[in-house]
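Undergrad: So you can see what is in the structure, the chains are spelled out below.
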Amino acid sequence: MRRLAANFLWGSPSADQSGRDVLQRLTPYLIALLLVGLALLATAVLQHIYVRRPSLFPFFAAIATAAWFGGRGPGFFAVAVSVPFGLYFYGVSRSDHGLHGRDVLLFVFFAVCAFVGDALYKHRRQTEETLRKAHRQLQTNAAELQRTNNALVAEMAERQRTEAALDTTRNELARAARLTSMAEMAASIAHEINQPLAAIVTNADTCVRWLNAPTPELDEAREAAKRIVRDAERAGQVVTRIRAMVKSVLVEPVQVSLRASLDEVLALLQAEIEKHRVTVHSDIDPALPAFAGDRIQMQQVFVNLITNAVESLSQTIDRPRHLWIAARRTPEEDLEVTFRDDGQGFADGVLARLFDSFVTTKADGMGMGLSICRTVVQAHGGVLVATPALPHGAQFTITIPLNGGRDD
Amino acid sequence: MIEDDAIVYVIDDDDSIRAALSGLLRSVGLKMVGFGSPREFLAHTRQNVPSCLVLDVRLPGASGLEFQRELIAVRDQIPIIFITGHGDIPMSVRAMKAGAVEFLTKPFRDQDLLDAIQNALASDRARREQERSIADLRERLASLTERERQVMAILVQGQLNKQIGAALGTTESTVKAHRAQIMRKMHAATLADLIRMAGRLQFGTEAAV
Numbered sequence: 001m002r003r004l005a006a007n008f009l010w011g012s013p014s015a016d017q018s019g020r021d022v023l024q025r026l027t028p029y030l031i032a033l034l035l036v037g038l039a040l041l042a043t044a045v046l047q048h049i050y051v052r053r054p055s056l057f058p059f060f061a062a063i064a065t066a067a068w069f070g071g072r073g074p075g076f077f078a079v080a081v082s083v084p085f086g087l088y089f090y091g092v093s094r095s096d097h098g099l100h101g102r103d104v105l106l107f108v109f110f111a112v113c114a115f116v117g118d119a120l121y122k123h124r125r126q127t128e129e130t131l132r133k134a135h136r137q138l139q140t141n142a143a144e145l146q147r148t149n150n151a152l153v154a155e156m157a158e159r160q161r162t163e164a165a166l167d168t169t170r171n172e173l174a175r176a177a178r179l180t181s182m183a184e185m186a187a188s189i190a191h192e193i194n195q196p197l198a199a200i201v202t203n204a205d206t207c208v209r210w211l212n213a214p215t216p217e218l219d220e221a222r223e224a225a226k227r228i229v230r231d232a233e234r235a236g237q238v239v240t241r242i243r244a245m246v247k248s249v250l251v252e253p254v255q256v257s258l259r260a261s262l263d264e265v266l267a268l269l270q271a272e273i274e275k276h277r278v279t280v281h282s283d284i285d286p287a288l289p290a291f292a293g294d295r296i297q298m299q300q301v302f303v304n305l306i307t308n309a310v311e312s313l314s315q316t317i318d319r320p321r322h323l324w325i326a327a328r329r330t331p332e333e334d335l336e337v338t339f340r341d342d343g344q345g346f347a348d349g350v351l352a353r354l355f356d357s358f359v360t361t362k363a364d365g366m367g368m369g370l371s372i373c374r375t376v377v378q379a380h381g382g383v384l385v386a387t388p389a390l391p392h393g394a395q396f397t398i399t400i401p402l403n404g405g406r407d408d
Numbered sequence: 001m002i003e004d005d006a007i008v009y010v011i012d013d014d015d016s017i018r019a020a021l022s023g024l025l026r027s028v029g030l031k032m033v034g035f036g037s038p039r040e041f042l043a044h045t046r047q048n049v050p051s052c053l054v055l056d057v058r059l060p061g062a063s064g065l066e067f068q069r070e071l072i073a074v075r076d077q078i079p080i081i082f083i084t085g086h087g088d089i090p091m092s093v094r095a096m097k098a099g100a101v102e103f104l105t106k107p108f109r110d111q112d113l114l115d116a117i118q119n120a121l122a123s124d125r126a127r128r129e130q131e132r133s134i135a136d137l138r139e140r141l142a143s144l145t146e147r148e149r150q151v152m153a154i155l156v157q158g159q160l161n162k163q164i165g166a167a168l169g170t171t172e173s174t175v176k177a178h179r180a181q182i183m184r185k186m187h188a189a190t191l192a193d194l195i196r197m198a199g200r201l202q203f204g205t206e207a208a209v
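Protein chains in written order, with this note's numbering: chain A, 1 to 408; chain B, 1 to 209.
Treat the hints with care, since some could be wrong.
Claimed, not checked - Now the in silico label distances, taken between C-beta atoms and shown as ranges:
(1) B:90 to A:270: 35 to 41 Å
(2) B:139 to A:208: 45 to 51 Å
(3) B:66 to A:388: 49 to 55 Å
(4) A:188 to B:90: 18 to 24 Å
What the hints assert, rightly or not - Below 25 Å or equal to it, Euclidean Cα-Cα: the simulated SDA-like pairs (lysine to any residue) are:
(5) A:122 to A:76
(6) B:31 to A:228
(7) A:226 to B:22
(8) A:122 to A:23
(9) B:31 to A:201
(10) A:122 to A:68
(11) B:31 to A:211
(12) B:176 to B:163
(13) A:226 to B:28
(14) B:162 to B:130
(15) A:226 to B:34
Said to hold, decoys possible - Derived list of chain B stretches under chain A, where covered just means 3 residues or more per stretch with a C-beta under 8 Å from a C-beta of chain A:
(16) 10-22
(17) 26-39
(18) 102-109
For the record, the hints were derived by calculation from the structure and aren't laboratory data.
The beta carbon of each residue, even a glycine, is placed where N, CA and C say it ideally should be.
Required output: the full structure, derived from the provided sequences and hints.
TA: Here's what the structure looks like:
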């Protein structure tokens, strides 16, 4: 307020810092002086109108205003300046021109009133200022809170996006791992078989050469033939090893909860299922007992069957895409899990050799999935059967004996 | 099909393949030395005879293609025949561009490999022949005196004895004597022979006086 008045009265601050300070400090006193001057003028006018009726109210007002403007110092200054004038007017209004103790008391009373009023006002102003400050602080805090809240909301959205991305990545990874491990395995098998095969061809050619010589070298031919036998045996061992490997991958059976296993698989494939807008209807008997087996292996079978269904459904555009998963306990004490979709189903002639290796209906398929699935189910002493679903689609049924009847 | 004393080197980590190839090459009278890895091959002291290398692409450690690059880097010019269990086209193109003689996919027929080996040995033999004759010529050239070399430099440019004499500040008969020496030392029957030799040695261009 003071500075505002100073600026208003003296224009914008001069370049001289100390001069400006002095001016700023002096301004309230000048204002006090000005106010007393105005009071003087007003009193003179009032004196003129109401002759002989002393009026000190303008001075009182001037003192109060000066104090209000400038605080205690200018207030005292205004009092000091006003007193002689007030006494003068008071004296003029009286015939005896004398100064009485009464008059002084009245002035003191004025001054006290002025200061009490000023003090009260100041206190109130301070309280208001404190309140305003508190209010501003509150607003700041509220804004801060709002900002924090916004940041939190943004962070949550970001987190959700990240999680969704993570889910997608995880699914892609699972799929890639499934494909690459199969591709790698197939390449490795091909190499392992091809090496002895190449040796056999060369040895056979050599054998024929020795026999075709003008004088057939029977010993050499026999050696070549022996090498053929040795290499063929080696190739056979590779095949035996692969068979053993597939079986040995099954670790010692543990008690597996079908429901939990299926739930995990569905959670893993969630993004993929949603991406292709497939509705999954899951009907799993809550009272299903656990079965003895390899959880990871069985889950890979589930992943395979569900992924196949989703891929088949993703090409279905003329009807809603449904996948029904049901699990129950049969009267024969078997665990039966069915995966039925209303996707593309089986092409003619595919069903008969569906579980053979390297049979596929997919453009980018390896034709290994179902073959491995059946091996895994069989290793659990169960069967995996494919049937066409009506009117469209495919159904795969896994039946596993609950008494843990592994056949090996 | 009996060879001189050519040697076929085989690098394949598979014992069966090495044994089969050894048998096949013996049936055509070719000497073979087999190795399980490039390192063994490098550690072996090779004989200075026509030879070629049958190299498996899939090897423990460095691949056959990498080993081919290594050999090229050290200017080892042994012809290479690649054999592989899973050769794709880009791989074979790379190998052939780097100078491989052949790229065979296992299992291959004996005749395909034998033909490739014959080609490889023939090219190695020709290269050795070439190198030997150049080395021979260099030796002959080295036996010339400084003066004879100066005479020869001008001679192979088709200048007459008289012109050579003028150029070198000597008489025509001296040039004639030098010339006879040059023809004898270089084993050149005619001037045309000598010019051809100078061409192969790049003599006229690099040693022009």
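Undergrad: Each of the hints needs a verdict: does it hold here or not?
TA: Going through the hints against the structure:
1. For the pair residue 90 (chain B) and residue 270 (chain A), the beta carbons lie near 39 Å from each other, so the given range of 35 to 41 Å is met.
2. Checked against the hint of 45 to 51 Å, the C-beta distance between residue 139 (chain B) and residue 208 (chain A) comes to roughly 49 Å, which is consistent with it.
3. For residue 66 (chain B) paired with residue 388 (chain A), a C-beta distance near 52 Å keeps the hint of 49 to 55 Å intact.
4. For residue 188 (chain A) and residue 90 (chain B), the Cβ-Cβ distance of about 21 Å falls inside the hinted range of 18 to 24 Å, so the restraint holds.
5. Restraint check for residue 122 (chain A) and residue 76 (chain A): the C-alpha separation of about 15 Å stays at or below 25 Å, so the hint holds.
6. For the suggested pair residue 31 (chain B) and residue 228 (chain A), the alpha carbons sit about 21 Å apart, so the restraint of at most 25 Å is met.
7. Proximity of residue 226 (chain A) to residue 22 (chain B) is assessed by CA-CA distance (about 14 Å); at most 25 Å being required, the pair is judged to hold.
8. For the proposed pair residue 122 (chain A) and residue 23 (chain A), the alpha carbon gap of about 23 Å is at most 25 Å, so the pair holds.
9. Proximity of residue 31 (chain B) to residue 201 (chain A) is assessed by CA-CA distance (about 20 Å); at most 25 Å being required, the pair is judged to hold.
10. Only pairs whose Cα atoms come within 25 Å are accepted, and residue 122 (chain A) paired with residue 68 (chain A) is accepted, the gap being roughly 8 Å.
11. Between residue 31 (chain B) and residue 211 (chain A), the direct Cα distance comes to roughly 20 Å. Compliance with the 25 Å bound is thereby established for this hinted pair.
12. Restraint check for residue 176 (chain B) and residue 163 (chain B): satisfied, since their Cα atoms lie roughly 12 Å apart, inside the 25 Å limit.
13. Distance check on the hinted pair: residue 226 (chain A) and residue 28 (chain B) sit about 19 Å apart at the alpha-carbon level, within 25 Å; holds.
14. Taking the CA atoms of residue 162 (chain B) and residue 130 (chain B), the gap is near 35 Å; set against the 25 Å cutoff, the hint is violated.
15. With a C-alpha separation of about 20 Å, the suggested pair residue 226 (chain A) and residue 34 (chain B) falls inside the 25 Å cut-off, and the hint holds.
16. Only when three residues or more bring their CB closer than 8 Å to a CB of chain A does the claim for the stretch 10-22 of chain B stand; here the count is 6, and the claim holds.
17. Counting residues of the stretch 26-39 of chain B whose beta carbon lies closer than 8 Å to any beta carbon of chain A gives 3, which meets the minimum of three for the stated coverage.
18. Look at the stretch 102-109 of chain B against chain A: 4 of its residues bring a Cβ nearer than 8 Å to a Cβ of that chain, three or more, so the hint holds.
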